[in-house]
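Generate the whole structure from the sequences, applying the supplied hints.
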Amino acid sequence: MDTFTIQRQDKDEFSVLNLFGFLDAHTAPELEKQLDQLINEGRCKIIVNFANLNYISSAGLGVFMGKIETVRSMNGDIKMCKMTPKIFRVFDLLGFPTLYDIVQEEEEAVQLFASKEGSSRRAYDRT
Amino acid sequence: MPKNEMTYCLRIPSRTDNLELIREFVARVARKVGFDEDDVGKIELACDEACSNVIKHAYEQKNGSQSLDVVIRVDLKKLTLVVTDHGKGFDPSKVIVPDMKEYLAQLKVGGLGIYLMRTLMDKVDYDIKPGVRNQVKMVKYFIDKKSSKVVKADRNEE
Numbered sequence: 281m282d283t284f285t286i287q288r289q290d291k292d293e294f295s296v297l298n299l300f301g302f303l304d305a306h307t308a309p310e311l312e313k314q315l316d317q318l319i320n321e322g323r324c325k326i327i328v329n330f331a332n333l334n335y336i337s338s339a340g341l342g343v344f345m346g347k348i349e350t351v352r353s354m355n356g357d358i359k360m361c362k363m364t365p366k367i368f369r370v371f372d373l374l375g376f377p378t379l380y381d382i383v384q385e386e387e388e389a390v391q392l393f394a395s396k397e398g399s400s401r402r403a404y405d406r407t
Numbered sequence: 113m114p115k116n117e118m119t120y121c122l123r124i125p126s127r128t129d130n131l132e133l134i135r136e137f138v139a140r141v142a143r144k145v146g147f148d149e150d151d152v153g154k155i156e157l158a159c160d161e162a163c164s165n166v167i168k169h170a171y172e173q174k175n176g177s178q179s180l181d182v183v184i185r186v187d188l189k190k191l192t193l194v195v196t197d198h199g200k201g202f203d204p205s206k207v208i209v210p211d212m213k214e215y216l217a218q219l220k221v222g223g224l225g226i227y228l229m230r231t232l233m234d235k236v237d238y239d240i241k242p243g244v245r246n247q248v249k250m251v252k253y254f255i256d257k258k259s260s261k262v263v264k265a266d267r268n269e270e
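One line per chain: the protein sequences are R and B, in this order.
Plus 280 on top of the position in the first sequence (first one is 1) and you've got this note's numbering.
Plus 112 on top of the position in the second sequence (first one is 1) and you've got this note's numbering.
Because the hints were derived from the structure by calculation, they are not lab data.
There could be a bad hint or two in this list.
Claimed, not checked - Some, not all, of what chain B presents toward chain R, calculated at C-beta under 10 Å:
1) Met118
2) Leu131
3) Glu156
4) Leu157
5) Glu161
None of the values given here were measured: they were computed from a predicted structure.
No residue lacks a Cβ here, since even glycine has one placed at the ideal position from N, Cα and C.
If you want it as C-alpha cells, here you go:
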C-alpha cells in the first residue's frame, strides 16, 4: 500500500516535489532520500508542493530541518507552497513560518527564488 | 469502571508501518464520541507523536518484536489517551523546549514530537518505569475551558 508518494518535476533550475498522502515516521525516510538525491545532483532550488499531502507529523518536519542547512549552504533553499490549513497548522505550531518561505502558489515560490529581495524570509514573517 | 466511562483498546506490533492504523483507530473513536474535526486532528497527531517516540526510542527500532497498547477512555468531560510500552524509558523532564524559534534555529530534530503533544492536548503526563512499563497519558476535554465562548454557554445553562 502506497501511503506516501513523491512526484518530482524539474523546471529550469528549480525542482518541484509534489507530496501525496501521509508523511509520518514511517514515510519520512522516503522524503529524506529524495532530498538527498537533489542535493547530490546539485539541484538546491527546491519547491515543495503540499497540495495533495493529507497528513504530516513531526517526523516529516524533521526532514526539512535536517536538510535546510546543507541546501542553503549550496545557495539554494527549500520553499513550500499550497499547504492546506491542517498541514500549515503543524508547521505554524513549530514556528516554521519564521524560518522558511511558505507561500500560497508555486509561482510565488519561483518568484522568490528569482528575486534577491524576495529570498529573504523576513518578507513572510507574519509578526 | 466509573459510570458513563467507555474504554477502547488497541494492542499492536510496535512498527512504524502501523502508525496509519493507530491514527485511524484514534481518529474514529474521537469522532464517534463527538469531537469536531479540528480536535480529532489534534488528538490523532498527538497519539502519532507518542507512538512514534515509543517505536523509535523506547524499542530502539527493533521493529515489530514488541507491542504497544493504545487505550482510550472517554467519560462525560474528557477523552484520556494512554500509550503504554514495555521498552526503555526516558526522562521527560529533560525534554524542555522553552523557545521554539531558537530551538529551530539550532536545527535540532528530536523533541519536536513532545513539544507538539504538549501543545495539542490539554494535559500530558508520563509514568516511566524503565525496563518495566512506560506510559504517556494525554487528556483532551470536550469543552475548552479557556474559551470565552464556552464560559458564556456554561452561564446559559445555569
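| Which hint numbers doesn't this structure obey? | Violated: hint 1 alone.
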